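Colleague: Quick note, the sequences are listed as chains A, B and C, same order. Using my numbering, read the first sequence as starting at 20 and increasing by one per residue. Using my numbering, read the second sequence as starting at 276 and increasing by one per residue. Using my numbering, read the third sequence as starting at 61 and increasing by one per residue.
Since the hints were derived computationally from the structure, they do not count as laboratory data. The model shown is predicted, which means the values in this text are computed figures rather than measured ones. Certain hints may be false.
As the list claims (entries may be wrong) - Reference listing, derived: stretches of chain C covered by chain B, where coverage requires no fewer than 3 residues with Cβ under 8 Å from a Cβ of chain B:
| no. | stretch |
| --- | --- |
| 1 | 93-106 |
| 2 | 183-190 |
| 3 | 208-222 |
Claimed, not checked - Stretch by stretch, here's where chain C covers chain B in the computed footprint (C-beta under 8 Å, at least three residues):
| no. | stretch |
| --- | --- |
| 4 | 482-493 |
| 5 | 498-512 |
| 6 | 530-539 |
Even for Gly, the Cβ is constructed at its ideal location relative to N, Cα and C.
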Amino acid sequence: MYVAVKGGEKAIDNAHSLLAGQRRGDPEVPEIGVAQIQEQLRLGVDRVMAEGSLYDPELAALAVKQAWGDLVEAAFLLRAFRTTLPRLAVSLPVDTGSMRLWRRVSAAFKDLPGGQILGPTFDYTHRLLDFSLLDENQAPAETKAPAHDPPRDQAPAQTPGRVAAILEGQGLMGAEQGQEAAPDDLTRFPLSFPASRSQRLQNLARADEGFLLAMGYSTQRGFGNAHPFAGEIRMGRVSVSIVPEELGFAVDIGEVELTECEMINQFKGSKTEPPCFTRGYGLVFGRGERKAMSMALVDRALRARELGEDISAPAQDEEFVLYHSDNVEAQGFVQHLKLPHYVDFQSELVLVRSLRATAGQPEEEDS
Amino acid sequence: MSQAPQYNFAYLDEQTKRMVRRAILKAVALPGYQVPFASREMPLPYGWGTGGIQVTASILTPEDTLKVIDQGSDDTTNAVSIRRFFERTARVATTTRTSQASVIQTRHRIPEHPLTKDQILVFQVPMPEPLRFMEPRETETRAMHALEEYGVMHVKLYEDIARHGAIATSYNYPALVGGRYVMSPSPIPKFDNPKLHMSPALQLFGAGREKRIYALPPHTRVKSLDFEDHPFSVQHWDQACALCGARDTFLDEIVLDDAGRRMFVCSDSDYCGERRDNNAKAKNGPREAA
Amino acid sequence: MNFEPLLRVKDLTKFYGERPAVDRASLELWPGEVLGVVGESGSGKTTLLNMLAGRISPSQGRVLYRDEENWLDVHACPEAVRRRLARTQWGMVWQNPADGLRMNVSAGANIGERLMALGQRHYGSIRQAALSWLAKVEIPAERLDDPPLRFSGGMRQRLQIARNLVTGPRLVFMDEPTGGLDVSVQAKLLDLIRSLVTGLKLSVVMVTHDLAVARLLAQRLLVMKAGQVVESGLTDRVLDDPQHPYTQLLASSILQA
Chain A
20 MYVAVKGGEK
30 AIDNAHSLLA
40 GQRRGDPEVP
50 EIGVAQIQEQ
60 LRLGVDRVMA
70 EGSLYDPELA
80 ALAVKQAWGD
90 LVEAAFLLRA
100 FRTTLPRLAV
110 SLPVDTGSMR
120 LWRRVSAAFK
130 DLPGGQILGP
140 TFDYTHRLLD
150 FSLLDENQAP
160 AETKAPAHDP
170 PRDQAPAQTP
180 GRVAAILEGQ
190 GLMGAEQGQE
200 AAPDDLTRFP
210 LSFPASRSQR
220 LQNLARADEG
230 FLLAMGYSTQ
240 RGFGNAHPFA
250 GEIRMGRVSV
260 SIVPEELGFA
270 VDIGEVELTE
280 CEMINQFKGS
290 KTEPPCFTRG
300 YGLVFGRGER
310 KAMSMALVDR
320 ALRARELGED
330 ISAPAQDEEF
340 VLYHSDNVEA
350 QGFVQHLKLP
360 HYVDFQSELV
370 LVRSLRATAG
380 QPEEEDS
Chain B
276 MSQAPQYNFA
286 YLDEQTKRMV
296 RRAILKAVAL
306 PGYQVPFASR
316 EMPLPYGWGT
326 GGIQVTASIL
336 TPEDTLKVID
346 QGSDDTTNAV
356 SIRRFFERTA
366 RVATTTRTSQ
376 ASVIQTRHRI
386 PEHPLTKDQI
396 LVFQVPMPEP
406 LRFMEPRETE
416 TRAMHALEEY
426 GVMHVKLYED
436 IARHGAIATS
446 YNYPALVGGR
456 YVMSPSPIPK
466 FDNPKLHMSP
476 ALQLFGAGRE
486 KRIYALPPHT
496 RVKSLDFEDH
506 PFSVQHWDQA
516 CALCGARDTF
526 LDEIVLDDAG
536 RRMFVCSDSD
546 YCGERRDNNA
556 KAKNGPREAA
Chain C
61 MNFEPLLRVK
71 DLTKFYGERP
81 AVDRASLELW
91 PGEVLGVVGE
101 SGSGKTTLLN
111 MLAGRISPSQ
121 GRVLYRDEEN
131 WLDVHACPEA
141 VRRRLARTQW
151 GMVWQNPADG
161 LRMNVSAGAN
171 IGERLMALGQ
181 RHYGSIRQAA
191 LSWLAKVEIP
201 AERLDDPPLR
211 FSGGMRQRLQ
221 IARNLVTGPR
231 LVFMDEPTGG
241 LDVSVQAKLL
251 DLIRSLVTGL
261 KLSVVMVTHD
271 LAVARLLAQR
281 LLVMKAGQVV
291 ESGLTDRVLD
301 DPQHPYTQLL
311 ASSILQA
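Could you put together the complete structure from these sequences and hints?
Modeller: Here is the structure:
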């Protein structure tokens, strides 16, 4: 005799303990510490902060541990946590012009004021697996660079000026439009089209890196090609300031590490304008150079409308890009297909069977 | 190390609840119209009911009794998960009995037991836009709703009849609300569409990922789209429920063995259980209450 | 009422940057007449057509349409009004029929869509109306349930015309309706258009670079060059006795064809 299925609660509880057990793994292997993740899996932590849209390296590292290394799941954890946080203040815009630099390069000029600073980059490593890393008891490699901070005595005056400023000074590139009103906030008002530049940049800043990478790549391969040059990439620390009401002046509340990319693109000129360079902009939490570059390519592609260009490529399609860039939304909806859909499916079964019956195809006999 | 935070009643802070309620009020004032709202990330993923959860969280009071169902059952995994979420963050009474709930959150079904004016039904909605599969652009669909340009919906129905001889939509069947807006009732089977019409209960629809809320105030006219000569009709089965004998409910198909033997059982587990209790009482004569 | 024009256009201008794509075009269109707009590519004729149809807004000038008793300023009225006009009293036939059709939906649904948009709810009648229109545009009845994806270019164009005419519009805008079709197909299509226009007493504004098409269909012509209307008048007069040097150039090129 058939008994209706019960026991969903128990099944869930068992699933959770199984997961907790497997996440811990072999008890002989030392448990990984949040601090270890924060230090030694730094780039993963940075990605989680960027897509989780919350700057807190320790919490991001915790999320990575809790998510068993799944960075998309970790970003979700961080984003959900972000929802619970009270909003205490809105900071002043950070000044990346006075960034304390780890790294600063430009592909547009061979040399420039301030020089090309390579910094800690994978760029010129040879991708050969280093088996010596399997041995955990190594003496630390000698290094001249400081372990944690860019030089603190780097006075703001010495911080190199922006490459973009050089071009602006020569009239070859328009200055960015200053934001008069407060920027739009997607977490307070949903996206609407046409999207404002601030909505777009906020959406891209928290977008899935893989998606932006693919979209940016597509612009290089002819789907909306704008001939990009990496005008400047900066990576380092900036201070964050707020203006508390009671004080009426700015107060530094700390530093965050950011990666910024300005792409320079050529714009052929339209019926109204002589040709000049246009820019795409990327900014991410932490060390996310690949993401910052992709973001700048996509930002530029999405400016097609305001620059009067033909819109033909997916990366130029505002609705397509901005609606599908958030991996928290995307993973939720894709994975929701695992949820029971048997009622809808039953509806389809009934329908298909009846259509087939009317179409004259006999049904299989039930036993 | 940060402290574990204390959560507000039903998880959302009061400011967020106010924002959601404002959206709900607008939705009730414009039956069937999709109101944009600033959906929050929730501890459950987008696509798994965050819209319904935000609506429920914004209307729950400590005196409410909550029922959560998925595919008509209280015991499917996601229903369990969502019910637990509210047990933990709101500590409201929960129930599996439709008649005892004041708020019912549902995915893909409307309860068989008729609702009353003291009840609110909250639907989880994946894709709120009924025009989406014919027109992918949001800018265009908003204009179509504003201008009542719904010809394309009937084009789809016409095509079905031309191709299959009948309308080929079996769930998420679009309906005209109050003679004005066409809405998607969420992926409930078309079997449930008639229950939307002139219901004494308030029906609220939440789409978290798509960031839309819409509503059917009590006693709203809801007409499923059709043609005069191909009128809307609901599914029916030849079989009755194998457990309670019902002939007028939505039935789940259970495959019993590799030979493909099947049986049919009410999808609404509470309704089926109630009927089975009534059957037992009728059989055994009046008994003391259990 | 009978002696009023259907369209009244004064000094219609469109700038793209410094350059006027259309420069102070003026015209009137009378009920039941076909007005041809001819010129080479780049002359501004398509831009003019799009402004008349409310699809592009002018930099200067107005387009006035006589809707029953009232004059409507096409660009000043609300979008809802424009869209309603586009679905009921106006038709728009594109050079590429795929631009004016739902390619993946059956011919019957394509024709029936406007009827359904206007609230018709009887499947059988809609299907019947679609069938009768297929006959009028000489598409075989058995293609009713086929999507235009499977039609030839000429047949797609005829379907596009049917889709536009089903609501009995008063004014149809056509952009190179026979462009891209081979000569024999063109000839048949032109015949069809001519008989429909006369039979239904349609008013038409038709853009074409092909003077032979203009000669066949249009009673009056506007000749455009570099955004300006350089000559206008009765078709036969303009083509047989052109006044403007540019028109003379154009007209002489037909004789060589």
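Colleague: Please name the hints from earlier in the document that this structure breaks, with their numbers sorted from lowest to highest.
Modeller: 1, 3, 4, 6
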